[in-house]
Amino acid sequence: MPDKTYYELIILGAGPAGMTAAVYAARKQMDVLIISENVGGQTTWSAEIENYLGYKFITGPELVGKFEEHVNEFNVPHEFTRVTRLSRPGANFAIETDDGRTFTARAVIVATGKSPRLLGVPGEKEFTGRGVTYCATCDGPLFSGKEVLVAGGGNSGLDAVVQLMKICPKVYLVERDPKLRADAVMVSRVTAAENVEILTATAVVEIRGETFVTGVTLKGLDDGAMRDIPVEGVFVEIGLVPNTDFVKEVLRLNPIGEVPVDCAARTGIPGLYAAGDVTDVPEKQIIIAAGDGAKAALGAYSYVVRLPATDDWGRMST
Amino acid sequence: MAETSTKKVTIYSTPTCPYCRQAKDYLSGRGIEFTELNVATDMDARNTMVQRSGQLGVPVIEVDGQVVVGFNRGKLDELLG
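Same order as they appear, the protein sequences are chains A and B. For the first sequence, my numbering begins at 1 and goes up steadily by one. For the second sequence, my numbering begins at 1001 and goes up steadily by one.
Some hints could be false.
Think about it this way: if two alpha-carbon atoms lie no more than 27 Å apart in a straight line, the pair counts; the simulated DSS-like pairs of lysine-lysine are [what the hints assert, rightly or not]:
#, chain 1, residue 1, chain 2, residue 2
1, A, K56, B, K1024
2, A, K114, A, K248
3, A, K4, B, K1075
4, B, K1007, B, K1075
5, A, K66, B, K1024
6, B, K1007, A, K125
Some, not all, of what chain A presents toward chain B, calculated at C-beta under 10 Å [said to hold, decoys possible]:
#, residue
7, F57
8, P61
9, G140
10, T211
11, V213
If you are wondering where the hints come from, they were derived from the structure by calculation, not from laboratory data. Ideal Cβ positions, reconstructed from N, Cα and C, are used throughout, including at glycine.
Please work from the sequences and hints to get the whole structure.
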């Protein structure tokens, strides 16, 4: 049987927004597909969740498991791949994926969330997975006994430092701003640690190594002084960026790359909706993403049922 | 149908890593038996993982000698059949 590539609705992303949209679309008996690289999105990384209704306390992975179980009740098809381009060549949307396939849909929900921001310095891409990591929780234990550097003086950066200072002989904490931005309680914990060297007003300018990372070049932003330090691990914790590169052709984004939406999760292009952290909604919360996912799916349903009928390949009947 | 059970599956993981947990749930959910190696404490396993995958990140999943870096479901579905 040839692989099906045309759907009424395709949901891009499987975090709280995408998965909730999938449940709502499935309950409307829409012909729906989810395309995502992973399941859970940022929720997967949340250690403790105490504000998602119905659970006084649940961990991120547990909540993601519950969401997935719920979606699976409806047997929604799921393609695990990365979307590289969204376009609208005709009446339908075209979605191209990393593995060279093209899907078409009458309506699309963009729920691709956010990814870690990159430093954007030489050596970063080359050594990703070879000493450069964006998940201290995952990979931190692999660096026990090694000297490491954490880039980012916000809460997630300091979380990484607190974890690493227990297992590493030396942790450098590098922040571009003159001051650490993390909560005071975290700052005092890190400042008190003897094996943590805090370098503010400092930028990472290069990551060096052979097979694996062996060191980093830093630049003092006040005096321009360069300094090489020997580290084997570089933990990048400098915030998140929306995953919207693939929609730029059809959508105008806000200055920080988010998809502007109205109160009905509409993007301004008929049939194209967006929900969750990828949008410009003011608060990034699991429950808000889930609610917006529901809105987007119900909007997409109303949109699709009003369109003329099509055949199995998405062609309008004449 | 029972063919997948004959494949040798090893997962290199750390106890704190959420994607390792998802990967293990995925394997268990499919009824696939696997060996778990904790690379946070098992240095031999860590060295093997680095040698086989050429990188330092978890999870690494080996299916009959084929190495998958990260919890890549598309790739695992392909290898596990």
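Exercise. Are K1007 of chain B and K125 of chain A close enough, with their CA atoms no more than 27 Å apart?
Worked result: 33 Å, violated
Problem set entry | Distance restraint between K66 of chain A and K1024 of chain B, which requires alpha-carbon spacing of 27 Å or less | 15 Å, holds
Problem set entry | Restraint check for K4 of chain A with K1075 of chain B, where alpha carbons must lie at most 27 Å apart | Given that 27 Å is the threshold and the Cα spacing comes to 19 Å, the pair holds.
Exercise. Against chain B, with CB atoms and a cut of 10 Å, does the hint on P61 of chain A hold up?
Worked result: Status holds, d = 5 Å.
Problem set entry | Interface hint for V213 of chain A, Cβ within 10 Å of any Cβ on chain B | V213 of chain A check passes; min Cβ-Cβ to chain B is 9 Å, inside 10 Å.
Exercise. Regarding the pair K1007 of chain B and K1075 of chain B, is the alpha-carbon distance no greater than 27 Å?
Worked result: Distance ~15 Å between K1007 of chain B and K1075 of chain B Cα, so the pair holds.
Exercise. Can we keep the G140 of chain A interface hint, with Cβ of chain B closer than 10 Å?
Worked result: 7 Å, holds
Exercise. Is it true that the CA of K56 of chain A sits at most 27 Å from the CA of K1024 of chain B?
Worked result: Within the cut-off at roughly 26 Å; holds.
Problem set entry | Status of the F57 of chain A interface restraint (C-beta, 10 Å, chain B) | 16 Å, violated
Exercise. Taking the least C-beta to C-beta distance, is T211 of chain A closer than 10 Å to chain B?
Worked result: 8 Å, holds
For this session: Mind checking the alpha carbons of K114 of chain A and K248 of chain A for me, to see if they're no more than 27 Å apart?
Result: Answer holds: K114 of chain A to K248 of chain A is near 15 Å, not above 27 Å.
Hint violations for this structure: numbers 6, 7, all remaining hints satisfied.
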